[in-house]
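Q: Below, each chain spelled out in residue letters.
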Amino acid sequence: MERDDIIEYSLDAHHGEEEGRRIRRKIWVVTGLLAVVTTIEVAVGAYWKQWFDASAWHMIKLLYVVLTLVKAGYIVAVFMHLGDERRNIRAIILLPYALFILYLLFIAIWESNYVHRLWTEFL
Amino acid sequence: MAGEATKALSNDVLWGGGRSPFSISYGKMMMWFFLVSDALTFSGLLVAYGFARHATTDSWPIGEEVFRALPFIHGDFPLIYVALMTAILIFSSVTMVLAVEAGHRMDKKGVIKWLFLTVIGGAFFVGSQAWEWSHFIHGGGGYITTADGSKYWVHNDDHDTHDPANAAGFHLVKAKPGHYLIPAEGDHAHVEGAEAQALWNDRVAYIDGANMTRNEYGPPQYANFFFFITGFHGFHVFSGVVINLIVLLMVMRGVFHRRGHYEMVEKAGLYWHFVDLVWVFVFTFFYLL
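Heads up: the protein sequence lines correspond to chains B and U, in order. Here the first sequence is numbered in the working numbering, starting from 1 and rising by one per residue. Here the second sequence is numbered in the working numbering, starting from 1 and rising by one per residue.
Hints were generated in silico from the structure; no laboratory data involved. Do not take every clue at face value.
[Unchecked claim] Simulated DEER-style distance windows between Cβ atoms:
(1) H190/U with L118/B: 48 to 54 Å
(2) K26/B with R253/U: 26 to 32 Å
(3) F232/U with L94/B: 21 to 27 Å
(4) D202/U with L69/B: 29 to 35 Å
(5) A43/B with I137/U: 26 to 32 Å
(6) L123/B with M29/U: 48 to 54 Å
(7) F122/B with I137/U: 31 to 37 Å
(8) L94/B with K176/U: 42 to 48 Å
(9) V66/B with T57/U: 24 to 30 Å
(10) T146/U with G83/B: 34 to 40 Å
(11) R21/B with F232/U: 37 to 43 Å
(12) W131/U with L118/B: 35 to 41 Å
(13) M252/U with A56/B: 51 to 57 Å
All of these numbers come straight from a predicted model, not from anything done at the bench. Every residue, glycine too, gets a C-beta built ideally from N, C-alpha and C.
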């Protein structure tokens with residue numbers, strides 16, 4: 001039986017040559033950005049001891065986390081096209097995940113601090 | 001692509017509520033749900049790694065000290081090989097998104113070209129990871145511990161020998177107290193000849209390379225997390241390569257062209273980009289921090 005309740009959404013994604021050129025340009029721009037960010041990360045990781053003194057490590061760690069989130073954001077929004085989807089699908093993918101991970105990070109940092117203190121003081 | 005979110009649909013095909021809530025096909029939505037659950041698994045592994053590292057009172061090695069070798073070349077290249085692997089994976093992600101774009105133009109030749117390059121990139125990454133595991137397991141000569149608790153790195157000209165003390169060029173390098181990989185400062189760090197032989201004979205333990213119970217790089221958990229996290233990711237890359245290969249064969253046989261759209265490439269692409277996304281985080285939290 002032919003089903004009449006299925007909407008073929010995939011056909012809406014089709015585009016012509018002109019639109020394709022624009023999209024490809026965007027892909028290459030994002031590729032360049034990801035390559036630059038990764039190069040910065042590796043260079044800092046390999047040579048930061050020659051460039052800064054040891055107290056800079058905390059700032060570098062923070063820089064790494066921020067750069068990683070930037071890269072992840074571009075991969076999800078542009079390469080995985082989540083930025084082109086409707087707002088409600090973006091929300092049901094990202095919000096529950098973000099909420100859970102923030103809680104997991106909070107509890108892991110809190111508890112590992114506690115365990116670390118136990119081991120230093122009582123062992 | 002902008003079309004999916006903005007296109008106005010006729011009332012005949014809309015849901016009972018009068019609106020289609022997500023404007024996304026069933027297959028793509030289920031792929032997203034799977035990716036969210038898989039992302040939770042990887043987050044659990046990385047958070048567990050962070051927990052172990054933050055809670056430990058032992059010293060913990062950093063990536064730039066452990067991963068500094070290249071295949072076929074001798075020398076010191078901190079993180080260069082991992083950076084190369086990252087670049088390969090990111091570029092195979094780019095070729096994947098180009099394959100999806102070609103699919104949206106019903107350009108069968110373009111899809112085949114870009115998807116083929118994606119499969120090659122993925123296979124390259126899996127091979128690189130195999131080399132890295134092999135290098136990690138065999139180690140760089142190992143260290144001995146003495147009765148007074150100090151560590152000495154074992155050096156000689158032949159890494160594969162089971163009896164390093166009798167190999168040519170045998171000498172010991174004292175490690176900085178509390179560290180696995182950093183040599184102690186000063187002239188006394190370098191021990192040769194009879195003195196080295198005596199230290200070797202009186203050793204408490206000789207730890208070489210890595211296995212599940214101990215390793216020369218750091219605490220046992222360090223190697224365990226390395227094997228589990230990169231292994232689980234490598235398994236994902238491997239299955240991604242297999243999926244891409246199957247989709248590539250189907251594209252070549254014209255299955256999707258007859259169907260009228262290349263959404264299967266898009267769904268395989270979602271999975272492939274996710275594998276790249278996970279590696280971005282593994283790269284930061286395991287190798288850089």
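Q: Decide, hint by hint, whether the structure agrees.
A: Taking the hints in turn, this is what the structure says about them:
A hinted range of 48 to 54 Å for the beta carbons of H190/U and L118/B is inconsistent with their spacing of about 39 Å. In this structure the hint that K26/B and R253/U lie 26 to 32 Å apart at CB holds, the actual value being about 31 Å. A C-beta distance of roughly 23 Å is found between F232/U and L94/B, which places it inside the suggested range of 21 to 27 Å. The beta-carbon spacing between D202/U and L69/B, approximately 51 Å, falls outside the hinted interval of 29 to 35 Å.
Checked against the hint of 26 to 32 Å, the C-beta distance between A43/B and I137/U comes to roughly 28 Å, which is consistent with it. In this structure, L123/B and M29/U meet the distance hint of 48 to 54 Å, their C-beta atoms being roughly 50 Å apart. The beta-carbon spacing between F122/B and I137/U, approximately 35 Å, falls within the hinted interval of 31 to 37 Å. For L94/B paired with K176/U, a C-beta distance near 44 Å keeps the hint of 42 to 48 Å intact.
A hinted range of 24 to 30 Å for the beta carbons of V66/B and T57/U is consistent with their spacing of about 29 Å. The beta-carbon spacing between T146/U and G83/B, approximately 59 Å, falls outside the hinted interval of 34 to 40 Å. In this structure the supplied range 37 to 43 Å holds for R21/B paired with F232/U, their Cβ-Cβ distance being about 39 Å. Under the hint 35 to 41 Å, the C-beta atoms of W131/U and L118/B, about 40 Å apart, fit the expected range.
At roughly 52 Å, the beta-carbon separation of M252/U and A56/B lies within the given 51 to 57 Å, and the hint holds.
Figure legend: structure checked against the earlier numbered hints; hints not met, in rising order: 1, 4 and 10.
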